[in-house]
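If you read the sequences in order, they're chains A and B.
In terms of the working numbering, the first sequence is residues 1 to 251.
In terms of the working numbering, the second sequence is residues 1 to 251.
Calculated from the structure, these hints are not laboratory results.
Please note: incorrect hints may appear among the correct ones.
Copies of the same chain look alike in the list, so a pair counts if it works inside one copy or between any two.
20 Å max Cα-Cα, derived SDA-like pairs, lysine to any residue [unchecked claim]: (1) Lys25 x Pro98; (2) Lys25 x Val227; (3) Lys25 x Ala225; (4) Lys25 x Asn217; (5) Lys25 x Ser136; (6) Lys25 x Ala48; (7) Lys25 x Pro153; (8) Lys25 x Gln99; (9) Lys25 x Tyr108; (10) Lys25 x Gly238; (11) Lys25 x Thr164; (12) Lys25 x Leu135; (13) Lys25 x Glu158; (14) Lys25 x Phe209; (15) Lys25 x Ala161; (16) Lys25 x Arg210; (17) Lys25 x Gly170.
Number of protein chains: 2
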Amino acid sequence: MTDRIFTAALLVIGDEILSGRTHDKNIAQVATWLNVQGIRLAEVRIVADDEAAIVEAVNTLRARNDYLFTTGGIGPTHDDITVDSVAAAIGVPVEVHPQARAILEAYYAPRGGVNEARLRMARVPAGASLIENALSGAPGIKVANIFILAGVPHIAGEMLAALTGTLEGGLPMLSATVGCWVAESEVADLLRETERSHAGCQIGSYPFFREGRVGANFVIRSTDAGVLETCRTDLIAGLRGIGLDPAEGGI
Amino acid sequence: MTDRIFTAALLVIGDEILSGRTHDKNIAQVATWLNVQGIRLAEVRIVADDEAAIVEAVNTLRARNDYLFTTGGIGPTHDDITVDSVAAAIGVPVEVHPQARAILEAYYAPRGGVNEARLRMARVPAGASLIENALSGAPGIKVANIFILAGVPHIAGEMLAALTGTLEGGLPMLSATVGCWVAESEVADLLRETERSHAGCQIGSYPFFREGRVGANFVIRSTDAGVLETCRTDLIAGLRGIGLDPAEGGI
C-alpha cells in the first residue's frame, strides 16, 4: 500500500450511447470495480465512432491518468474502430495477435469457423497483450496503460474480472452513508462545517423525494477509516443535535 | 430548417457518478430530447465536483459545439459548485438573480421560508436568464450557449420540457432498425457494403444474446428520409438474399 492516489479515466465509444438508443451501464460498473482496486475514476468521456474524436480523447486521458479504460467498438463490424483509433493515438501499427487468432479459431470452430469479420477481432495495436474473455471468445486488449474492453456490459464485466488484482492501486476510497428525512437545504451549514472540521473527508449530499416526503443521503468519503468514522459519528451527533433522526447506512 | 448540423455537448458534474454510487440517467434523457430538437449530441464528459475540472471541460465543450448542457451541482449544499465554476469559466462574477430569488421565496414560503442555503440556488453567472422548473422551485440557468440543469433526472426533465422548441436546430436525425437472429460477424460485409452504397447513411450494429441465441439490431441513421428508406429496403433485401428473415423495427 502506498499513499499515492491512483487515477483512471474511462472512454466510452459509441454512437448508440450518444443517440440515446442505449443506456450506458459500463460507467457504474467500471467505477465500482476501480474502487475495489484502490483506483479512483477521475473522469469519463463519451465519444462517437469517429477516429479523430477517439484519438484526441485517448491521448488526453492516458497522459494524465495512471490507467485508461475504453469500452465499445471492438466487435467484427465496420463501425468497430477502437483498435485502429488507439493504435493511431499511440503511433503504432495494427497487427494480428497470434494468440487472439488461435482463441477465435477455437471459439468459432463449432460455430461456422472464422471469417474475415471474425478475424478482425484478433487485430491489436502492436505490442499489446490480451485480456481474457471467458464468455464470448474475443479478448480484450492491454497496450501501454490502456485497457480496451467490450461495450456489451456483461462481457466488459468478464474482462474486468480477469484484471482483478493485477493493477497497482493505492488506498481504496472508503465511504459511509447517513440518511435523513430532511430537506438538504436545512442542514447545508451542518454539512459544510462537518466536512471542514474533518480533513481528508468529503461529504456529498444526495437529495430524494420518496413516499411523498423529501430526504437526503449524506455520503462521507475518505481513504482513512479512522477519520471516516469520526466524521460519521460527528455528523450523526450534529443531525441529532437539531432534532433529526439520522438513519445509519442511509435511507 | 437548414442543412447545417447543430451539435451539443453534455457535461455531467458529480462525484456520485464517478464513484459508481449513482447510475446516470441524464445522458440518455438529454440525447433523446436533443434528437427531437434537431441537435446532435456530439460528446459527453463526466467530471468530479472540482472547479478546475469543470472549468476546463466547460471551455473546451462550449467552444466547439452550438450548445453545452450541464447536469448536477446546482443544489443548496457546499458540494454544489456548478454556478461558480461556469462563471469562472466564462469570466463573469456570480450574482443573485432577482426573479430566481422571488421564485425561491414563494416556493419556500409554506416550507419554512428561505435560508442562506436555499438562496444559494438564486445565484447565477452574471447575465444569465432562468429556465423554468415547475417541479421544485429552483430554476435552471442559461448563460451564453450554456444550459445549466439539475442533476436529479426528473427535475432535469422538467427543465428540458421548458426549453422544448426554443433552440435552433437543423434536420433531425432519423433512424430505422432492422433486427436479425444472426451473429453480426456473419453479415459484416453486407453491412459495410450497404452503408458504403448509400451516401448520407450510417449503419450501426448492436449484437445481443437472448433466449439462448445470438442476434443483432442494425440501426440506420440519416437526416434524409428518402435515403434512409432506400437503405433500409436494400438492407432487408440483402439479408433475405443470404437466407435470413429480418424483422422490421428490430428484435
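*Provide an ascending list of the numbers of those earlier hints which the structure does not satisfy.*
1, 2, 3, 8, 9, 10 and 17
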